[in-house]
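Novice: For the record, the sequence lines run as chains Z and A. Residue 805, in this note's numbering, is where the first sequence stops; the numbers in between run on with no holes. Residue 509, in this note's numbering, is where the second sequence stops; the numbers in between run on with no holes.
No lab work stands behind these hints, which were simulated from the structure alone. Be a bit skeptical, because a hint or two may be false.
[What the hints assert, rightly or not] DSS-like, lysine-lysine: derived pairs with alpha carbons at most 30 Å apart:
1) Z:K475 x A:K81
2) A:K383 x Z:K741
3) Z:K741 x A:K65
4) A:K408 x Z:K789
5) Z:K789 x A:K68
6) A:K245 x A:K39
7) A:K245 x Z:K741
8) A:K58 x A:K239
9) Z:K536 x A:K352
10) Z:K475 x A:K58
11) Z:K475 x A:K245
12) Z:K789 x A:K81
13) Z:K536 x A:K406
14) A:K383 x Z:K475
15) A:K458 x A:K332
16) Z:K741 x A:K399
17) A:K406 x Z:K475
18) A:K408 x Z:K475
19) Z:K789 x A:K58
[Unchecked claim] Computed footprint of chain A on chain Z; a stretch qualifies when at least three of its residues, placed anywhere within it, have a C-beta under 8 Å from a C-beta of chain A:
20) 662–673
21) 681–692
For glycine and all other residues, C-beta sits at the position ideal for the given N, C-alpha and C.
Read off the chains here:
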Amino acid sequence: MKKINLNNLSQKRLFWPIFILILVTVYNIFFTNGFTKIEIRDRHLYGMIIDIINRASSLMIISMGMTLVVATKGIDISVGSICAISGAVAASIVGGNVNGIAEHPYWIAVIAALIVSSLFGLWNGFLVSRLGMQPMIATLILLVAGRGVAQLITDGQIITVYHKPYSFLGGGYLLGIPFSIYVTLLILGILILIMRRTAYGLFLQATGINPKASRFVGINIRNIILSVYIISGFCAGVAGLIISSIVKCADSNNAGLNIELDAILAVTLGGNSLSGGKFSIGGSVIGALIVQSITTAMYAKGVSPEVLPVVKAIVVVIICLIQSEKTRDFIRTAILAKKEAF
Amino acid sequence: MSILLQMSNVHKKFPGVVALKGVDFRLNKGEIHALMGQNGAGKSTLIKVLTGAEKLDKGEILLEGRKINPKNPMHAQQLGISTVYQEANLCPNLSIAENIFIGNIISGAGKIKWRTIYKEAEKILKEIGLEIDVKKKLGDCSIAIHQMVAIARALSISSKILILDEPTSSLEKWEVENLFKVLRRLKEKGIGIIYITHFLDEIYEITDKITILRNGELVGEYMTKELPKVQLIAKMVGKEIEEFTTIDKAMIGESAQKESIIVAEGIGKKNFIEPFDLNIWKGEIIGFAGLLGSGRTEAVHLIFGLEKPDRGKLRIKGKDTKIDNPRAAMNEGIALCPENRKYEGIFDELSVRENIIIALQAQSGVLKHIPRKVQEEIANKFVEALNIKTPSIEQKIKNLSGGNQQKVIVARWMATNPQLLILDEPTKGIDVGAKAEIQKMMIEFAKKGISIIFISSELDEVVRCSTRLAVFKDKKKIGELTGDEINEAKVMQIIAGGS
Numbered sequence: 464m465k466k467i468n469l470n471n472l473s474q475k476r477l478f479w480p481i482f483i484l485i486l487v488t489v490y491n492i493f494f495t496n497g498f499t500k501i502e503i504r505d506r507h508l509y510g511m512i513i514d515i516i517n518r519a520s521s522l523m524i525i526s527m528g529m530t531l532v533v534a535t536k537g538i539d540i541s542v543g544s545i546c547a548i549s550g551a552v553a554a555s556i557v558g559g560n561v562n563g564i565a566e567h568p569y570w571i572a573v574i575a576a577l578i579v580s581s582l583f584g585l586w587n588g589f590l591v592s593r594l595g596m597q598p599m600i601a602t603l604i605l606l607v608a609g610r611g612v613a614q615l616i617t618d619g620q621i622i623t624v625y626h627k628p629y630s631f632l633g634g635g636y637l638l639g640i641p642f643s644i645y646v647t648l649l650i651l652g653i654l655i656l657i658m659r660r661t662a663y664g665l666f667l668q669a670t671g672i673n674p675k676a677s678r679f680v681g682i683n684i685r686n687i688i689l690s691v692y693i694i695s696g697f698c699a700g701v702a703g704l705i706i707s708s709i710v711k712c713a714d715s716n717n718a719g720l721n722i723e724l725d726a727i728l729a730v731t732l733g734g735n736s737l738s739g740g741k742f743s744i745g746g747s748v749i750g751a752l753i754v755q756s757i758t759t760a761m762y763a764k765g766v767s768p769e770v771l772p773v774v775k776a777i778v779v780v781i782i783c784l785i786q787s788e789k790t791r792d793f794i795r796t797a798i799l800a801k802k803e804a805f
Numbered sequence: 011m012s013i014l015l016q017m018s019n020v021h022k023k024f025p026g027v028v029a030l031k032g033v034d035f036r037l038n039k040g041e042i043h044a045l046m047g048q049n050g051a052g053k054s055t056l057i058k059v060l061t062g063a064e065k066l067d068k069g070e071i072l073l074e075g076r077k078i079n080p081k082n083p084m085h086a087q088q089l090g091i092s093t094v095y096q097e098a099n100l101c102p103n104l105s106i107a108e109n110i111f112i113g114n115i116i117s118g119a120g121k122i123k124w125r126t127i128y129k130e131a132e133k134i135l136k137e138i139g140l141e142i143d144v145k146k147k148l149g150d151c152s153i154a155i156h157q158m159v160a161i162a163r164a165l166s167i168s169s170k171i172l173i174l175d176e177p178t179s180s181l182e183k184w185e186v187e188n189l190f191k192v193l194r195r196l197k198e199k200g201i202g203i204i205y206i207t208h209f210l211d212e213i214y215e216i217t218d219k220i221t222i223l224r225n226g227e228l229v230g231e232y233m234t235k236e237l238p239k240v241q242l243i244a245k246m247v248g249k250e251i252e253e254f255t256t257i258d259k260a261m262i263g264e265s266a267q268k269e270s271i272i273v274a275e276g277i278g279k280k281n282f283i284e285p286f287d288l289n290i291w292k293g294e295i296i297g298f299a300g301l302l303g304s305g306r307t308e309a310v311h312l313i314f315g316l317e318k319p320d321r322g323k324l325r326i327k328g329k330d331t332k333i334d335n336p337r338a339a340m341n342e343g344i345a346l347c348p349e350n351r352k353y354e355g356i357f358d359e360l361s362v363r364e365n366i367i368i369a370l371q372a373q374s375g376v377l378k379h380i381p382r383k384v385q386e387e388i389a390n391k392f393v394e395a396l397n398i399k400t401p402s403i404e405q406k407i408k409n410l411s412g413g414n415q416q417k418v419i420v421a422r423w424m425a426t427n428p429q430l431l432i433l434d435e436p437t438k439g440i441d442v443g444a445k446a447e448i449q450k451m452m453i454e455f456a457k458k459g460i461s462i463i464f465i466s467s468e469l470d471e472v473v474r475c476s477t478r479l480a481v482f483k484d485k486k487k488i489g490e491l492t493g494d495e496i497n498e499a500k501v502m503q504i505i506a507g508g509s
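Turn these sequences into a full structure, and let the hints steer you where they fit.
Specialist: Quick look at the structure:
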């Protein structure tokens, strides 16, 4: 009886992502010093777990947008560059006054950055849905050119922002919890609400599974595809604001560098297939947490940033193997064969 | 005759369904053996087990007396079991010769020996009676050639067993004759052939023996000569059905209230279909006859807004209406079940429920989400009304048999409450029982006042079901028949004569 339950459980979509997250966390509890320690300083929660969630917030937000793109069988590799653009727009509007006086109010900067990011998303979507470009190639254009655009916005300078409210988004606390976590939850909530209350999710899946049939049932797949890239651009914009807020500057070269790869990884670890169709936003959020947990654990172990990608790659390969149906089948038959042999 | 293949007590279970329950199957050398059964009877599963695409849960397979355990289709091929699938799995962008030898390239001295490959390919094709330039790109050849090439490929790997799954479903009559010639030649060479088809006439023309499956169980093995058609059908379906029901056209004729729903006046599109006129009455079944590629499908694509007409106009209920996308057509009460179920119809990863409500949802728009409860009601209603066999409405549609998938697509469109239902080859690739059910369904719909455009390649079927018949040829509507004129001879005459 119990065995059957376990089997059913492992068929559930989110079983393996959650399982992996628990695995990584258990590892951290035993082998990473100070992992479980949470303390209250200045009425703020501090500790490694909080730190992981906080740092993962930008990745989680980008992964959510990426999930929708992936559901339509697309991919958006320009999100890192859009992060840089978003930060550049915000920082240049607020300005680098050393005394912390803003040239324009911060909220204008936020809105402008998000509009610009969404417009770049629109551009991606236009290339894919209207011109029929391969998503990888279409978004490659911005991946390459985007950081140049960010440089243009900031005149090639790294703008350091001293305006106090600017650092709140990525470094501030509300009720003792980092503010970026609220932002992440807000976006997650909105997206889940859209999926529950509208047919958007169904149309996304339909488009990803069979675009031709989608057209035959009257779904406007071109607009569906356009919309996911806009959402992805918007999410990247939010993440860009958070990243820029953490370091209190707009660094066009390094803001969100390679984050598109982590995001794709997070989406995949969350149990989403890159060939489109069924998707889970929650899965991607868990995936992002897994990626961040590994990164933080590695840093805590003293792995240098140069070697980190190698170690991360090895861990990711192992995780993918655990998640793969084929490996599990292989192991299962191997065990059965052994039993039969005796 | 010596036994080539012996499958005994084969069991296979899928999540939620038992596909095979202790099936036995025996194939002799030089025998053409029909594997019969309705959709979902377990034919495909048996073949999948034999070719290693699925692993059997229980049972054993003996090939020439030796126990085999095919791990995957590749392995099965090496053992001498080759399959030619319904939609031949070939690469249209490669040459004929490359397609024959793909995965089995003749090479030597670090090079691919192209000259040998071409020579060998020619030899094999000649053996099955086809003389053609083997360097030609396959994509430029007809479907019949594809089928032949698939067989040639199977033979190039020195097969003992050749499995043909619906090989004739997209072939013309004379091409079928050609195929049969090839099969007879192969039979003489001692190859065992497993033949799956829904065309009963072919069974009697070509096969020696028939094995019938029903609901995953073996019904029996019979000599083809000794099993009359009626009994064959009865054994497949499990009960005597009034097969080939004569349809009471008079009744539909009466209920057709001679109220015009849609009038097409000279609509057409350059290089797509010549302008045609069509007047659709309320509650009639108008059949579209013609060969594959004759313009039947193109005509309905124009009406459904999948292609924009560049001339002529469409009047719906007396009003000039422009339809340039499917959504616009749906808003006018037009529905289209597409010709190719797999590529244009189903969303394989989605559930039966989602597949049913999706057109209705697309029509009402992304924001007007149909509540889950209403979705379930609609799905359950149609599953019951159309007798769709599925364990639950949450089952993924890809796990259903072809006939049931087709019914789900019909349900999808009936849910939108259409005035005009266009059915493009609704009975293609489904079994007799399901065919009869779909035909019956059409009649029911027509009686309720829904107009139907019924497209089919099977002439007897269109002739039997239609109250009016439009004949197409070479992308052109060449004639229209009504009343007693509707018979096969007349249609053939029109197609042969009017060019």
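Novice: Run every hint past the structure and note whether it holds.
Specialist: Each hint, compared with the structure:
no., hint, in the structure
1, Z:K475 x A:K81, "28 Å, holds"
2, A:K383 x Z:K741, "21 Å, holds"
3, Z:K741 x A:K65, "26 Å, holds"
4, A:K408 x Z:K789, "20 Å, holds"
5, Z:K789 x A:K68, "21 Å, holds"
6, A:K245 x A:K39, "26 Å, holds"
7, A:K245 x Z:K741, "40 Å, violated"
8, A:K58 x A:K239, "27 Å, holds"
9, Z:K536 x A:K352, "18 Å, holds"
10, Z:K475 x A:K58, "27 Å, holds"
11, Z:K475 x A:K245, "40 Å, violated"
12, Z:K789 x A:K81, "14 Å, holds"
13, Z:K536 x A:K406, "19 Å, holds"
14, A:K383 x Z:K475, "22 Å, holds"
15, A:K458 x A:K332, "27 Å, holds"
16, Z:K741 x A:K399, "24 Å, holds"
17, A:K406 x Z:K475, "15 Å, holds"
18, A:K408 x Z:K475, "19 Å, holds"
19, Z:K789 x A:K58, "18 Å, holds"
20, 662–673, "holds (count 8)"
21, 681–692, "holds (count 3)"
The structure is inconsistent with the numbered hints 7, 11, although it conforms to all the rest.
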